[in-house]
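Protein chains in written order, with the working numbering: chain A, 160 to 510; chain B, 125 to 723.
Just so you know, these hints were derived from the structure itself, not from any lab. All figures in this text were calculated on a predicted structure; none of them were measured in a lab. Some clues are possibly wrong.
Below 27 Å or equal to it, Euclidean Cα-Cα: the simulated DSS-like pairs (lysine-lysine) are [claimed, not checked]: (1) K366(B) to K289(B); (2) K286(B) to K371(B); (3) K290(B) to K508(A); (4) K309(B) to K292(B); (5) K508(A) to K289(B); (6) K371(B) to K508(A); (7) K286(B) to K309(B); (8) K321(A) to K391(A); (9) K576(B) to K541(B); (10) K504(A) to K286(B); (11) K504(A) to K290(B); (12) K320(A) to K306(A); (13) K289(B) to K504(A); (14) K508(A) to K366(B); (15) K371(B) to K504(A); (16) K469(B) to K529(B); (17) K289(B) to K371(B); (18) K659(B) to K469(B); (19) K366(B) to K504(A); (20) K508(A) to K292(B); (21) K469(B) to K576(B); (22) K597(B) to K659(B); (23) K286(B) to K508(A); (24) K184(B) to K508(A); (25) K529(B) to K597(B).
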Amino acid sequence: MTSIAKPPVRHPGLVRNELGLSVRDYEGSMSTLCAGCGHDSVTAALVQAAWELALPPHRAAKMSGIGCSSKTTAYFMRQSHGFNSVHGRMPSVTTGASAANRDLTYIGISGDGDSLSIGLGQLSHAIRRNVRMLYVIDNNGVYGLTKGQFSASADVGSTSKKGETNVQPPIDPVLLALTLGATFVARSFSGDKAQLVPILKAGLLHNGMALIDVISPCVTFNDHEGSTKSYKFTREHEVEISAADFVPLRREITAPAAEAGVTSVTMHDGSMVRFRQTHDGYDPTSRESAYAHVRACQLRHEVATGLLFIDERGSDMHAMANTVSTPLVDLPYEQLCPGNAALQKLMEKYR
Amino acid sequence: MSGINDFAFRIATVNGTGSASANSLLMQAIFRMGVPVTGKNIFPSNIQGLPTFYEIRVSKDGYTARPPVVDLVVALNPATYARDVALVRPGGYLVYDASWPLDPTLVREGITILGIPFGQLCLEHFVGDRDRTLLRNIVYAGALAALLGIDLDVIARMLTEKFAKKQKLLDANNTAIRLGYDYAKAHCECPLPIHLEPMEATGEFIILDGNTAAALGAVYAGATVGAWYPITPSTSLMEAFKGFCEKFRTDPETGQSRYCIVQAEDELAAAGIAIGAGWAGARAFTNTSGPGISLMQEFIGLAYYTEIPAVFYDVQRTGPATGMPTRTQQGDLLSLAYASHGDTKHIVLFPRDPEDCFRMSVTAFDLAERFQTPVFVASDLDIGMNDWMCRRLTWDDTYRPDRGKVLSADELEGVKKFSRYLDVDGDGIAARSLPGAHPNGAYFVRGSGHDKHGAYTEDSDAYQEVVDRLARKFAGAADVVPGPEIHRQAWADVGIVSLGGCDAAVREAVDQLRERGIAADYMRIRAFPFSAAVKEFLEQYGTVFVVEQNRDAQLRALLTIETGVPRDSMIPVLDYGGMPLTAQVVTMAVANHLTGAHT
Chain A
160 MTSIAKPPVR
170 HPGLVRNELG
180 LSVRDYEGSM
190 STLCAGCGHD
200 SVTAALVQAA
210 WELALPPHRA
220 AKMSGIGCSS
230 KTTAYFMRQS
240 HGFNSVHGRM
250 PSVTTGASAA
260 NRDLTYIGIS
270 GDGDSLSIGL
280 GQLSHAIRRN
290 VRMLYVIDNN
300 GVYGLTKGQF
310 SASADVGSTS
320 KKGETNVQPP
330 IDPVLLALTL
340 GATFVARSFS
350 GDKAQLVPIL
360 KAGLLHNGMA
370 LIDVISPCVT
380 FNDHEGSTKS
390 YKFTREHEVE
400 ISAADFVPLR
410 REITAPAAEA
420 GVTSVTMHDG
430 SMVRFRQTHD
440 GYDPTSRESA
450 YAHVRACQLR
460 HEVATGLLFI
470 DERGSDMHAM
480 ANTVSTPLVD
490 LPYEQLCPGN
500 AALQKLMEKY
510 R
Chain B
125 MSGINDFAFR
135 IATVNGTGSA
145 SANSLLMQAI
155 FRMGVPVTGK
165 NIFPSNIQGL
175 PTFYEIRVSK
185 DGYTARPPVV
195 DLVVALNPAT
205 YARDVALVRP
215 GGYLVYDASW
225 PLDPTLVREG
235 ITILGIPFGQ
245 LCLEHFVGDR
255 DRTLLRNIVY
265 AGALAALLGI
275 DLDVIARMLT
285 EKFAKKQKLL
295 DANNTAIRLG
305 YDYAKAHCEC
315 PLPIHLEPME
325 ATGEFIILDG
335 NTAAALGAVY
345 AGATVGAWYP
355 ITPSTSLMEA
365 FKGFCEKFRT
375 DPETGQSRYC
385 IVQAEDELAA
395 AGIAIGAGWA
405 GARAFTNTSG
415 PGISLMQEFI
425 GLAYYTEIPA
435 VFYDVQRTGP
445 ATGMPTRTQQ
455 GDLLSLAYAS
465 HGDTKHIVLF
475 PRDPEDCFRM
485 SVTAFDLAER
495 FQTPVFVASD
505 LDIGMNDWMC
515 RRLTWDDTYR
525 PDRGKVLSAD
535 ELEGVKKFSR
545 YLDVDGDGIA
555 ARSLPGAHPN
565 GAYFVRGSGH
575 DKHGAYTEDS
585 DAYQEVVDRL
595 ARKFAGAADV
605 VPGPEIHRQA
615 WADVGIVSLG
625 GCDAAVREAV
635 DQLRERGIAA
645 DYMRIRAFPF
655 SAAVKEFLEQ
665 YGTVFVVEQN
675 RDAQLRALLT
685 IETGVPRDSM
695 IPVLDYGGMP
705 LTAQVVTMAV
715 ANHLTGAHT
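Given the sequences, and given the hints that come with them, work out the whole structure.
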């Protein structure tokens with residue numbers, strides 16, 4: 160959140176959510192990232208989103224791999240379990256955790272190196288499995304911890320701090336996710352908290368994997384002239400093609416408004432995401448138009464942001480596997496072991 | 125060998141032609157006659173068209189190791205005639221397809237050659253290439269039934285069971301059996317001197333392969349999450365797990381599954397899934413073979429250092445690299461014991477047969493949770509995929525899983541500061557909390573350096589405190605893992621040490637050596653880390669032989685490193701060509717060494 164440790168005292172006037180928790184209760188340990196790092200803004204937005212949704216912190220699990228982005232899972236929700244695993248492998252660990260306990264809210268934080276290079280395969284297959292989780296990519300186009308190498312999301316022609324020019328085409332996680340059948344795809348900018356928070360809230364409640372690519376500038380290695388992942392470049396080229404409002408079930412129930420330019424999508428828990436169309440003809444429930452718009456923006460050197468695609472009718476991993484609704488970790492052993500009588504009957508087959 | 129209820133035969137065919145079911149039929153028929161029998165499927169890494177062999181050993185004494193030579197060969201694949209005929213012991217028999225003239229390659233002095241026109245019989249009695257090809261296998265089974273005295277009623281009953289709802293197939297199979305049987309009866313001296321006579325020695329036994337048994341063990345242990353990537357020879361383990369789960373773990377009311385199997389994108393992900401599920405509190409496993417173990421190294425180290433339980437089945441095959449995927453070996457011993465970079469050590473269990481695979485599966489899950497660490501079950505292709513005669517499996521219904529030290533929500537309620545890696549009990553094992561249980565139990569799992577509270581550290585002392593405790597925890601496991609099984613006899617002056625699938629051959633070798641006047645005590649190692657009894661055994665004998673199936677004497681290396689017993693005090697007996705071990709290899713190695721030492 161900040162590089163300055165906050166005092167442990169809580170202001171008595173802090174607003175509480177339905178669980179009686181203040182926003183401070185959703186914070187974590189002090190960030191060790193560089194001052195001004197975009198990732199800290201993403202963390203702040205996550206804290207806000209989780210607080211607003213009144214997520215019970217201990218029912219959430221924060222999952223990450225390796226890199227600056229992955230470190231941020233320590234900087235929010237200190238009452239949640241966290242799992243800082245191995246580089247690029249967060250998706251598989253989350254798959255396993257979700258297989259075992261489907262009732263937890265999984266918050267995966269990754270980066271462009273973690274997800275688009277070493278972990279590209281794991282990301283792709285977690286999308287295919289539609290593991291129910293929030294999957295945030297803090298995307299800065301650069302390897303920060305190893306001091307400034309290009310990542311797989313660096314645009315052709317962008318320059319490194321040392322002056323080298325990237326010549327390899329970038330991997331766009333949004334286009335990738337749309338292609339692989341992701342059921343929730345969004346892009347945002349760490350500097351745009353007003354846009355990011357509702358998207359994160361919707362993502363946290365999505366019935367499947369919610370992939371959010373967040374352009375998150377690296378102030379130390381990729382915030383210079385020539386970078387296409389800098390604050391300046393992103394501010395100047397960001398085009399919001401759909402703005403989302405998130406309407407939780409418990410706060411307000413409104414009939415899907417027939418307002419002009421507003422699309423409503425009901426989440427599996429009954430809450431609602433409402434899109435204000437900011438772009439002519441944009442339909443966030445159409446995979447094809449989402450893909451076409453993102454591509455069109457790219458060709459104009461614009462960064463399309465907003466909740467780009469959502470499909471709440473898709474099946475998540477457990478629906479596809481037809482798993483029992485009780486988390487597997489909660490099944491009593493008696494329901495798992497067939498017992499000796501069944502074994503003896505089975506043995507006849509092997510005689 | 126070579127007598128009534130004591131012989132071996134080999135069927136040489138081409139893979140993908142349907143011979144497997146005929147071979148199983150023969151083996152099972154012998155088993156149902158009450159005569160001890162084992163089968164070894166020696167198959168190619170291929171779907172169709174390459175040589176494949178099936179060896180059946182009949183042993184009234186109950187020996188199950190692979191025989192070094194066979195008494196009879198059924199040679200149906202011209203591509204391997206030369207090899208097949210060479211395997212027949214002097215005075216043995218060769219059966220060939222007499223639909224064509226006898227190939228000169230098959231002619232050999234000192235053996236009896238029997239021609240049966242399998243192809244011709246099929247051509248005359250069946251219609252279509254497919255039926256003729258498939259039923260040729262049943263025709264040779266019928267001929268062998270006549271030659272070897274296999275009870276035709278037993279076979280008829282088995283066919284009726286198998287094709288209960290497929291009358292047309294049943295009729296065709298019965299016809300095929302009779303064709304072979306009648307032809308052999310009419311044209312050969314049946315039965316041959318090597319033949320079967322009913323016994324009552326298989327009543328308490330079953331025929332089972334190790335992968336199926338291991339899968340069944342995982343079901344009974346209460347495993348709910350299985351993750352894998354297909355690889356020979358471990359694939360059938362997860363397929364069996366899936367089959368058993370569909371049978372035993374489907375909610376009777378909703379039809380929903382009380383398990384989750386994930387076919388991952390690769391072995392790295394499979395390991396990650398098992399570890400993620402283990403962290404979340406499920407009994408989880410992955411099954412693989414050597415190449416998969418190589419890929420899983422990083423995750424194994426993570427689970428070791430962050431202390432997360434998970435079970436890894438390694439059904440070993442011949443390495444290195446792709447190696448020979450359909451041949452057996454014990455080449456992963458060192459890479460399992462010390463898997464991953466940095467200082468790591470792991471619990472490894474060594475099943476000797478399918479029954480052990482079942483039992484050790486359960487033990488593996490208990491140990492993994494008790495010690496909060498990855499546990500390996502080191503099976504191999506021979507154990508995993510071949511048909512073994514083993515004791516009927518039983519289950520103790522009073523068994524309950526050992527979940528280890530897991531703090532409940534109630535226990536966490538009173539905890540002020542939860543320290544994940546604090547050794548409260550002095551046994552090197554800290555209590556863990558599961559995600560979702562209670563806010564007081566929340567902690568941050570990190571593969572990076574951490575102190576006893578679980579916090580990030582780059583401090584030398586705080587780091588060392590944790591890894592030293594891990595070493596103590598591992599040392600403590602030596603007294604809990606299955607100890608060695610030691611077979612002693614009076615006045616033994618040599619010791620033999622072995623493990624896993626070598627056991628059958630070594631026990632037979634001990635008997636052979638006794639007949640030669642050499643008394644050898646035998647220790648079968650069942651787990652790593654080694655208990656104190658292992659070192660004691662090694663130090664008791666002037667000469668100790670270590671029998672294993674790899675080139676580099678990996679078990680001996682492990683014994684040297686972990687017990688301090690000098691390397692050169694142990695004589696390696698190594699067999700690593702990819703075939704199941706024979707007793708003769710062990711007997712000859714030991715006898716030759718001792719003779720040499722005495723001259």
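Here's how the hints hold up against the structure:
Annotation: proposed proximity of K366(B) to K289(B) holds, straight-line Cα distance about 25 Å (limit 27 Å). For the hint pairing K286(B) with K371(B), the CA-to-CA distance comes to about 19 Å; that is within 27 Å, so the pair holds. Restraint check for K290(B) and K508(A): satisfied, since their Cα atoms lie roughly 19 Å apart, inside the 27 Å limit. With a CA separation close to 26 Å, the supplied pair K309(B) and K292(B) stays within the 27 Å bound.
For the hint pairing K508(A) with K289(B), the CA-to-CA distance comes to about 17 Å; that is within 27 Å, so the pair holds. The straight-line distance between the Cα atoms of K371(B) and K508(A) is roughly 14 Å, inside the 27 Å bound, and the hint therefore holds. About 26 Å separates the Cα atoms of K286(B) and K309(B), which keeps this hinted pair within 27 Å; it holds. Distance check on the hinted pair: K321(A) and K391(A) sit about 19 Å apart at the alpha-carbon level, within 27 Å; holds.
Between K576(B) and K541(B) the alpha-carbon distance is near 12 Å, which keeps this suggested pair within the 27 Å criterion. Between K504(A) and K286(B), the direct Cα distance comes to roughly 17 Å. Compliance with the 27 Å bound is thereby established for this hinted pair. Annotation: proposed proximity of K504(A) to K290(B) holds, straight-line Cα distance about 24 Å (limit 27 Å). In summary, the hint linking K320(A) to K306(A) is supported, as the alpha carbons are separated by about 10 Å, within the 27 Å threshold.
This hinted pair checks out: K289(B) and K504(A) have alpha carbons roughly 21 Å apart, not beyond 27 Å. Proximity of K508(A) to K366(B) is assessed by CA-CA distance (about 17 Å); at most 27 Å being required, the pair is judged to hold. A C-alpha spacing of about 12 Å is found between K371(B) and K504(A), which places the hinted pair at or below 27 Å, so the restraint holds. Among the hinted pairs, K469(B) with K529(B) is consistent with the structure: their alpha-carbon atoms are about 21 Å apart, no more than 27 Å.
The suggested pairing of K289(B) with K371(B) holds, with an alpha-carbon distance near 21 Å, which does not exceed 27 Å. Taking the CA atoms of K659(B) and K469(B), the gap is about 18 Å. The hint holds against a cut of 27 Å. With a CA separation close to 18 Å, the supplied pair K366(B) and K504(A) stays within the 27 Å bound. About 23 Å separates the Cα atoms of K508(A) and K292(B), which keeps this hinted pair within 27 Å; it holds.
Proximity of K469(B) to K576(B) is assessed by CA-CA distance (about 19 Å); at most 27 Å being required, the pair is judged to hold. Using a Cα cut-off of 27 Å, the hinted pair K597(B) and K659(B) holds, with the two alpha carbons roughly 20 Å apart. Distance restraint check for K286(B) and K508(A): the Cα-Cα separation of roughly 11 Å lies within the 27 Å cut-off, and the hinted pair is therefore satisfied. Straight-line distance between C-alpha atoms of K184(B) and K508(A) comes to about 23 Å, which keeps the hinted pair within the 27 Å bound.
Of the pairs offered as hints, the one joining K529(B) and K597(B) holds, with about 13 Å between alpha carbons and a cut-off of 27 Å not exceeded.
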